[in-house]
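Listed below, chain by chain, are the residues.
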Amino acid sequence: MHTITLLFILLSAVTVATAFLTIFSKNPIHSAIYLVICFFSVGGHYLLMNSQFLFIVHIIVYAGAIMILFLFTIMLMNLNKEDEVHKPRLQRWSAVLFFFLLCAVMMLIFFQSKPIVGDYDDLGTDYQSIKVLGKVLLDSENGFMVPFEFASVLLLVAMIGAVLLSKKEKSS
Amino acid sequence: MDTAIIIEKSVLIVAVFALTMLMAMYATLAERKVAAWLQDRIGPNRAGKGGILQPLADGLKLFSKEEFLPDTPNKFLFVAGPAISMSVALMTSAVIPWGDKLEIAGRTVIMQATDIDVALLYVFGVLSVGVYGIMIGAWASNNKFSLMSAMRASSQMISYEVAMGLSIIALLMMTGTLSLREIAAQQSGMNWNVFYQPVGFLIFLVCSFAETNRTPFDLAECEAELIGGYHTEYSSMRMGFYLFAEYASMFISSTILAVLYFGAYNYPGMQWAVENWGVNVANIIGFLALFAKLCFFIFFYMWVRWTIPRFRYDQLMRLGWQMLIPLAIANIFVTAICILWSDGNLF
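Residue numbers (the working numbering), protein chains in the order written: chain A, 1 to 172; chain B, 1 to 347.
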């Protein structure tokens, strides 16, 4: 138990530190690399809860695909410090305000929720293997099949939209 | 009990690490020998008998070269690049089943460093992270050619990962598990997956060439256009690490090919060997069988390298997006119909 607490503190420190460094680095590439480290440490939190599938999918999707595309784009655009757009003051202050509002909502959600993973651990229930996840996600009666399929349709729509946007830019 | 497991796993990990290093070392010699053979030459034959000490001589040469650091504001990332490449190339071997089990002093030892539920996804995750070494190192080199190479490497990696993932899905639908240990066990006898998934195997093979940056997909180090590609600015052992990582990942991806599609450690008559010669002997032969299969794939990588010229960049992209991905999706559909048909649920 002690080791896990220690690991949790270590991982949390890395996560928070790299998240802040992502925002405060002047160099966009450094920001992206800090974000990659941040994703890995969040993945470490998943492993602490013994959710192997969530961990590995998180790494494949975020660190392996999205951040590589991000780095690719940043390198391609060759951003410099001068290119940074200065937003008007009103916009910046409203961004800060809405950030804190979002924080409040998330905190309330955390306070309201009941942590259930500990109970599963005590009972020895399998809550993380692919078989259980697949049953929960794709069972049409007491699972989440309809939301799951809707999410995939949403992703498809976003993909088609992105293709359409890039096509339009080329013809003009 | 716990100490025994720790000792057992440490020995296994060190053995796999040593094997990977040794294979990467001798793959460099094998590459030069195969190239020489294909081009009707003799190849390196000065260091040791028939050139057997050549890898040591090469290593010594790389170690004793000047460590050149280019004028870059990112010294840390410049050093980190080859380190990431190397460590990622070595990480995959953790989930590979090298054999079924051994019985040592009354204990059953599983010949696999770790048997996790999501082993196949783990291999995939490590593969997808692999390109960071090239990207970070190339960007930190502060060199236009290196940057171009990083672009090519990353776009190629992302394009071929899609086709690779889709080809794996058809295999998963058939085996019904993500654990490499179970996939290996299901192929006992001559039930090799390649007989049931020939198209999936071909797509996976082509994508492994792209993922390991080997010819005909080594556009990242296309010397006619990009000097040396991502390792233009590297010298000494840092450059050696990049080259070494390429051979290590070639060894690992050959092993994955053998485990997924060519029956892993299984050989005809393994059951008979277990009954008559005991578990240990049968599994050591099994390990040798896996080793022979992966050596064939390493040879295949070299054979292709010295036979087929490099693709053009647009050809590479067209092959990935317009041929391999539709083929992989069609393969998934055909596999699904076959599975339903064999279960009698089609109509």
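FYI, nobody ran anything at the bench for these hints, they're computed from the structure. Bear in mind that the values here come from a model prediction, so they are computed numbers and not experimental data. It cannot be assumed that every hint is accurate.
Stated by the list, open to error - Below, a list of computed lysine-lysine pairs in the BS3-like style, where the Cα atoms sit at most 30 Å apart: (1) B/LYS101 <-> A/LYS131; (2) A/LYS114 <-> A/LYS87; (3) B/LYS144 <-> B/LYS9; (4) B/LYS49 <-> B/LYS33; (5) A/LYS167 <-> B/LYS61; (6) B/LYS33 <-> B/LYS75; (7) B/LYS61 <-> B/LYS144; (8) B/LYS33 <-> B/LYS61; (9) B/LYS61 <-> A/LYS131; (10) B/LYS61 <-> A/LYS26; (11) B/LYS61 <-> B/LYS75; (12) B/LYS75 <-> B/LYS65; (13) B/LYS61 <-> B/LYS49; (14) B/LYS75 <-> A/LYS26; (15) A/LYS114 <-> A/LYS135.
Quick rundown of the hints versus the structure:
| no. | hint | in the structure |
| --- | --- | --- |
| 1 | B/LYS101 <-> A/LYS131 | 26 Å, holds |
| 2 | A/LYS114 <-> A/LYS87 | 40 Å, violated |
| 3 | B/LYS144 <-> B/LYS9 | 45 Å, violated |
| 4 | B/LYS49 <-> B/LYS33 | 13 Å, holds |
| 5 | A/LYS167 <-> B/LYS61 | 52 Å, violated |
| 6 | B/LYS33 <-> B/LYS75 | 37 Å, violated |
| 7 | B/LYS61 <-> B/LYS144 | 28 Å, holds |
| 8 | B/LYS33 <-> B/LYS61 | 19 Å, holds |
| 9 | B/LYS61 <-> A/LYS131 | 52 Å, violated |
| 10 | B/LYS61 <-> A/LYS26 | 40 Å, violated |
| 11 | B/LYS61 <-> B/LYS75 | 24 Å, holds |
| 12 | B/LYS75 <-> B/LYS65 | 19 Å, holds |
| 13 | B/LYS61 <-> B/LYS49 | 19 Å, holds |
| 14 | B/LYS75 <-> A/LYS26 | 17 Å, holds |
| 15 | A/LYS114 <-> A/LYS135 | 23 Å, holds |
The structure fails hints 2, 3, 5, 6, 9 and 10 (numbered hints given earlier, in ascending order).
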